[in-house]
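Kindly produce the complete structure, drawing on both the sequences and the hints.
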Amino acid sequence: MNTDRIQYFLSIAEEGSFSAAAKKHFISQTAISLQMSTLEKEIGCPLFIRTKAGAELTWQGKRLVPMAQQLIKCQQMLMDNMEMLREGKRELRIAYTGPVERSLVESAFVHLHREHMQVSIFPMQFPLSEVADALKSGACDLAVSIPCELSGEGISTEIIAAYQTKAAVSVANPLSKESSVSIEQIREYPLVLLRAHASGNASSQIRKWALSEGFCADRILEADSIDEQLFMVSLNQGISLFPDCPSVRGPGIVLMPIRDYGYEHQVAAAYRRRTKMIELVLDALYAINP
Numbered sequence: 009m010n011t012d013r014i015q016y017f018l019s020i021a022e023e024g025s026f027s028a029a030a031k032k033h034f035i036s037q038t039a040i041s042l043q044m045s046t047l048e049k050e051i052g053c054p055l056f057i058r059t060k061a062g063a064e065l066t067w068q069g070k071r072l073v074p075m076a077q078q079l080i081k082c083q084q085m086l087m088d089n090m091e092m093l094r095e096g097k098r099e100l101r102i103a104y105t106g107p108v109e110r111s112l113v114e115s116a117f118v119h120l121h122r123e124h125m126q127v128s129i130f131p132m133q134f135p136l137s138e139v140a141d142a143l144k145s146g147a148c149d150l151a152v153s154i155p156c157e158l159s160g161e162g163i164s165t166e167i168i169a170a171y172q173t174k175a176a177v178s179v180a181n182p183l184s185k186e187s188s189v190s191i192e193q194i195r196e197y198p199l200v201l202l203r204a205h206a207s208g209n210a211s212s213q214i215r216k217w218a219l220s221e222g223f224c225a226d227r228i229l230e231a232d233s234i235d236e237q238l239f240m241v242s243l244n245q246g247i248s249l250f251p252d253c254p255s256v257r258g259p260g261i262v263l264m265p266i267r268d269y270g271y272e273h274q275v276a277a278a279y280r281r282r283t284k285m286i287e288l289v290l291d292a293l294y295a296i297n298p
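Position in the sequence shown (first residue = 1) + 8 = the numbering used here.
None of these hints come from the bench; they were simulated from the model.
Positions of the beta carbon are idealized from the N, C-alpha and C atoms, including for glycine.
Keep in mind that the hints are not guaranteed to be accurate.
Below, simulated EDC-like cross-link-like pairs (lysine to aspartate or glutamate); rule was C-alpha separation at most 16 Å, straight line [unchecked claim]:
| hint | residue 1 | residue 2 |
| --- | --- | --- |
| 1 | K60 | E99 |
| 2 | K70 | E22 |
| 3 | K284 | E99 |
| 4 | K31 | D12 |
| 5 | K70 | E99 |
| 6 | K216 | D235 |
| 7 | K32 | D12 |
| 8 | K70 | E23 |
| 9 | K31 | E196 |
| 10 | K32 | E22 |
| 11 | K144 | E161 |
| 12 | K284 | E123 |
| 13 | K216 | D226 |
| 14 | K32 | E186 |
| 15 | K32 | E161 |
| 16 | K81 | E123 |
| 17 | K31 | E192 |
Derived CB-CB ranges, DEER-like [what the hints assert, rightly or not]:
| hint | residue 1 | residue 2 | range |
| --- | --- | --- | --- |
| 18 | E161 | L86 | 20 to 30 Å |
| 19 | P54 | S115 | 49 to 59 Å |
| 20 | H124 | K185 | 41 to 51 Å |
Written as C-alpha cells, this is what we have:
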C-alpha cells in the first residue's frame, strides 16, 4: 500500500476538502482525487462522501483514520531510525538568510561536531523572499530565518534565538559617539531597509512601522540583500535596524541602543519533517542560545 495515499487521505480528512489537501501537498486536485479513487479500490469501500462544501468521511473512513495515523507514525519512526543507522557521513542542507543566521549555523556546527563528527552540514544562502519556498520544495532540510518568513502549510517552526534590536550606525555618523539614540534622532537620517517583495513580509512591516513613526518615504533607501544593507550603513548612506549580534558588528558599524524602541528580533528554525538529524542540529542551536 502506498503510504503517500494514506497521507493524502489523512490530509483530506483533516481539511475537509480535496482542494485544500491538494494545496497542502503541492499537487493538483485531479491528482489527489485519482489517488483517493485508487485507495478506495484497494481497500474495497468508499472513504469520502463528495459534497459541494468539500468532503465528508464515510463510517469506513472514520474507522480508517486512527489506523492510518498509526501507519504514518510507524513510517516516520522507520525513516528516522534508518537515517541514524546509515553508514558514512550524514548530510543536512541548511538554508539561512543573513549574517545572524549564518553565525548561528556555524556555532551550532562547531558544537555538534564535538560529539557527532560524522555530520556534514551544507549551508545554502537564500533571500528572505525565497527561503520558505526552498523549504517547501525540498531544496533544503532546515531553514533558519525570521519567523514571519517561514510560515506555510506543512512547515513547523521553533524560535531558537532572540536579540535586542539596535540602530546600526556608521562610525562616520555623529550619532556613533552617543551612548544611545532615540527614534527622533534616527529620523534625521535616511533609513536603509531591505527591498520589500510582498505586503506581508518583514521588510514591508518595518517600512509601515517607519512611516507610522514619521520617517519620510522619500528618505527610505532600499537594499537588495542584507549584505548590501550593512554595506550601505558602513558607508554612512543611512541608518538601519539590526539585532544585537556579533556577526552584525564590523569595523565600520556601531550598534546603538534605541531608548524608545523595544522590539525583539527573533530567529526561527523551520522544517517539514523532524528527523533525528534535525533534532541534533536543533539541540545544538538551543545549547548555544540557552
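Hint-by-hint comparison with the structure:
| no. | hint | in the structure |
| --- | --- | --- |
| 1 | K60 x E99 | 46 Å, violated |
| 2 | K70 x E22 | 11 Å, holds |
| 3 | K284 x E99 | 12 Å, holds |
| 4 | K31 x D12 | 15 Å, holds |
| 5 | K70 x E99 | 39 Å, violated |
| 6 | K216 x D235 | 22 Å, violated |
| 7 | K32 x D12 | 13 Å, holds |
| 8 | K70 x E23 | 14 Å, holds |
| 9 | K31 x E196 | 47 Å, violated |
| 10 | K32 x E22 | 11 Å, holds |
| 11 | K144 x E161 | 9 Å, holds |
| 12 | K284 x E123 | 15 Å, holds |
| 13 | K216 x D226 | 13 Å, holds |
| 14 | K32 x E186 | 51 Å, violated |
| 15 | K32 x E161 | 6 Å, holds |
| 16 | K81 x E123 | 28 Å, violated |
| 17 | K31 x E192 | 46 Å, violated |
| 18 | E161 x L86: 20 to 30 Å | 24 Å, holds |
| 19 | P54 x S115: 49 to 59 Å | 54 Å, holds |
| 20 | H124 x K185: 41 to 51 Å | 46 Å, holds |
Of the hints listed earlier, those the structure fails to meet are numbers 1, 5, 6, 9, 14, 16, 17, in rising order.
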